[in-house]
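Colleague: Below, each chain spelled out in residue letters.
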Amino acid sequence: MTAALLALPVLLPALGAGLSLLRLSPRAVRVLSAAVLTLVPADALALLVLADTRGPQALHVGGWHAPLGVTLVADRLSALLLTVSTLVALAVLLFAIGQGTAEERRRTAVVFHPAYLVLVTGVSLAFLTGDLFNLFVAFEVMLAASYVLITVDADENRTRAGMTYTIVSLTSSILFITLIALVYAAAGTVTLAQLGPRLAELSDGLRGTLAVLLLVVLGIKAAIIPLHLWLPDSYPTAPAPITAVFAALLTKVGVYAVLRTETLLFPRGGVWPVLTCAAIITMIVGILGAVAQDDINRLLSFTLVSHIGFMLFGIALFDVRGLTGTILYIIHHIVVQAGLFLAAGLAVIRVGTASLPRMTKGPPPGVAVAVLFAVPALSLSGVPPFSGFVAKLALLQAGVAQGGAAAYALAAAALVTSLLTLYAMTRVWTTAFAGQPEHTGHSASGRLAAAQAPEPTPGGVGGARLMLASTAGMVLTGVAVAVLAGPLARIGERAAEDLLRPEAYRSVVLGEGEHR
Amino acid sequence: MNTIDVTLALVVGGLFAIGFYLMLQRSLMRIVLGFVILGHGTNLLLLVGGGTPGRPPVLDGTTSDPDRFADPLPQAMALTSIVITFGLTAFLMALAYRSWHLTGSDEVPDDPEDRRIGTLRERADEDHDTYPDPEPDAVPADDGTRRGGER
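Just so you know, the protein sequences line up as chains S and Y, in that order.
In terms of UniProt numbering, the first sequence is residues 1 to 516.
In terms of UniProt numbering, the second sequence is residues 1 to 151.
The set of hints was computed from the structure by calculation and includes no laboratory data.
Where hints are given, some of them may not hold.
[Stated by the list, open to error] Ranges between beta-carbon positions, derived for each pair:
#	chain 1	residue 1	chain 2	residue 2	range
1	Y	67	S	45	44 to 52 angstroms
2	S	483	Y	82	47 to 55 angstroms
3	Y	102	S	288	32 to 40 angstroms
4	Y	125	S	27	51 to 59 angstroms
5	S	361	Y	102	25 to 33 angstroms
6	S	352	Y	91	26 to 34 angstroms
7	Y	69	S	111	43 to 51 angstroms
8	S	209	Y	67	26 to 34 angstroms
9	S	2	Y	86	31 to 39 angstroms
10	S	21	Y	100	21 to 29 angstroms
11	Y	53	S	45	43 to 51 angstroms
12	Y	8	S	384	58 to 66 angstroms
13	Y	82	S	209	48 to 56 angstroms
14	Y	89	S	503	53 to 61 angstroms
[To be verified] Listed next, the stretches of chain S that the computed footprint assigns to chain Y, with coverage defined by at least 3 CB atoms under 8 angstroms from CB atoms of chain Y:
#	segment
15	140-147
16	153-162
17	176-184
18	201-213
A quick note: this is a predicted structure, and the numbers were derived from the prediction, not measured.
Idealized CB from N, CA, C, for every residue including glycine.
Chain S on its own, in the form it takes in the complex (with noise of 0.2 angstroms):
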């Protein structure tokens, strides 16, 4: 039983993308991948419910133990991440079909449904994995379908995008392979839970080396400036759905990556300085980049990149609360951001242009995207009593019980990106969906837009209809982060306590009582 739990979240869409690879209507094939997205949540959420009430579970594929055998392990952070990651990724996959239904595009069909599910197998295995090779074959599963997504159909400008994301991608994984090649070399081992001790018996200088490498592998997936600059180029091309996954899942993937591999193979007594200060850089020059930007998915890209910088504000901080603090940044953080661009895309479908200064000239998009985009763009600035003031209460309040220098000076490099994002999500605002006093009529005008915009079929009408509510839905799950944050908190606090006493992962992948 709880084997097919630890199973299906990566067999269920792996199977599924082979399936509609067969030769299926393109509605068997809509129907399946929503069938299946709709599985894998259910799953999560019933290993969820298992890891927090009996501890972490592990699954030894084949019946090869661990230091050996490929691993699964569920604890609370990865059954809680996948949860939160594969309903997001359902709702995407539901305004991807309605888009596909409203500009009837069968062509994208073909492709587009193998590459999503592809992409979420390389999502759930990598919450899942419990070796660090597997983590590397997690992210290449997920990477070569996100290569395929981004150049889909493309055009020029999306060529050279995906081919700018393509190899700094490639490069990354080159370095990780490099990595685990060292990290075997020196430990003799790939397995995480054997790892931490074998690394703590290394010298300072390899061990120092080989976190820092690990940094910057993880750096380059998850978007930590200095190695953000694939990111604002490429993710603006793609579709808005493809877009909005990406943002979700890919570079939060990075982002629990670093957080498993610090905890796990480099736990430390207090802050570490490198860690800190990519926070603090993160942060700061992600979110003026964002205000320099006169693209809406490119301010968005940057706010993403920015806020990337909180989530390792917590990772710095390393105790309890911060780690807390982190884990709810990220669910905050998936849900939000992938809301910001399904409504931004709806804005630039109905207005037909995604740069701002053209969308103030032009008619404003109507009064339900309006809302749709409001209420993740004020979560996103951390305005109460929306998640992102939950999420950033926490790791403030971390950083201020911590005190000194580093955490303090965290605790003021978030508050002062909180501050430009609400600027920048307000000037996005005034000029793409507020409207002009000329344009009174814009409720009108915008309905005329609304109307003109996908084509009169009903199939057309039927799919705009399914882009705005599953945008409405993101958006609610959104509202739904906030109404359940005092659960949230608590499980993601005992998730923080089990990433800093890795005891139970430890024996559960292991055996009972073989540490080593």
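Once you've looked at the hints, dock chain Y against the given chain S.
Modeller: Just chain Y, lined up with the frame of chain S:
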């Protein structure tokens, strides 16, 4: 005690140097070649990481002493990584071909929006217009310095 093959280590170093040099070029073909060479370098590095060279592969069970045969795990990892680099190289070639097909050139161009934002201040000083219409042709011509992704 484990020993290491110095020749192999030097070869790995050489492959990494050549690979990264090629990846830093503007030409897509060189980048693809750089990726291939880097892939070879990492596969060799995995084998070097496997311990003392010259041991036979896993034997038929006549000995259980792990020091008698070569460690099979790095070999399995190298195999996986060969498959992955092979598949991705094929994808990269297809993408490079598509890019050549669309643009007619082998070069990786700058991001136009990047360049527009990067030169906003200079152009604003010139024509006193902080919000020029973001036409693609408003992007200034390449001035030879090849401003990268700096914003």
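Colleague: Taking the hints in turn, state whether each one holds.
Modeller: Hints, one by one, checked against the model:
{"no.": "1", "hint": "Y/67 / S/45: 44 to 52 angstroms", "verdict": "holds, 47 angstroms"}
{"no.": "2", "hint": "S/483 / Y/82: 47 to 55 angstroms", "verdict": "holds, 50 angstroms"}
{"no.": "3", "hint": "Y/102 / S/288: 32 to 40 angstroms", "verdict": "holds, 33 angstroms"}
{"no.": "4", "hint": "Y/125 / S/27: 51 to 59 angstroms", "verdict": "holds, 57 angstroms"}
{"no.": "5", "hint": "S/361 / Y/102: 25 to 33 angstroms", "verdict": "holds, 30 angstroms"}
{"no.": "6", "hint": "S/352 / Y/91: 26 to 34 angstroms", "verdict": "holds, 32 angstroms"}
{"no.": "7", "hint": "Y/69 / S/111: 43 to 51 angstroms", "verdict": "holds, 45 angstroms"}
{"no.": "8", "hint": "S/209 / Y/67: 26 to 34 angstroms", "verdict": "holds, 27 angstroms"}
{"no.": "9", "hint": "S/2 / Y/86: 31 to 39 angstroms", "verdict": "holds, 36 angstroms"}
{"no.": "10", "hint": "S/21 / Y/100: 21 to 29 angstroms", "verdict": "holds, 28 angstroms"}
{"no.": "11", "hint": "Y/53 / S/45: 43 to 51 angstroms", "verdict": "holds, 50 angstroms"}
{"no.": "12", "hint": "Y/8 / S/384: 58 to 66 angstroms", "verdict": "holds, 60 angstroms"}
{"no.": "13", "hint": "Y/82 / S/209: 48 to 56 angstroms", "verdict": "violated, 26 angstroms"}
{"no.": "14", "hint": "Y/89 / S/503: 53 to 61 angstroms", "verdict": "violated, 43 angstroms"}
{"no.": "15", "hint": "140-147", "verdict": "holds (count 3)"}
{"no.": "16", "hint": "153-162", "verdict": "holds (count 8)"}
{"no.": "17", "hint": "176-184", "verdict": "holds (count 6)"}
{"no.": "18", "hint": "201-213", "verdict": "violated (count 0)"}
In the structure shown, a violation is registered for the earlier hints numbered 13, 14, 18, in ascending order.
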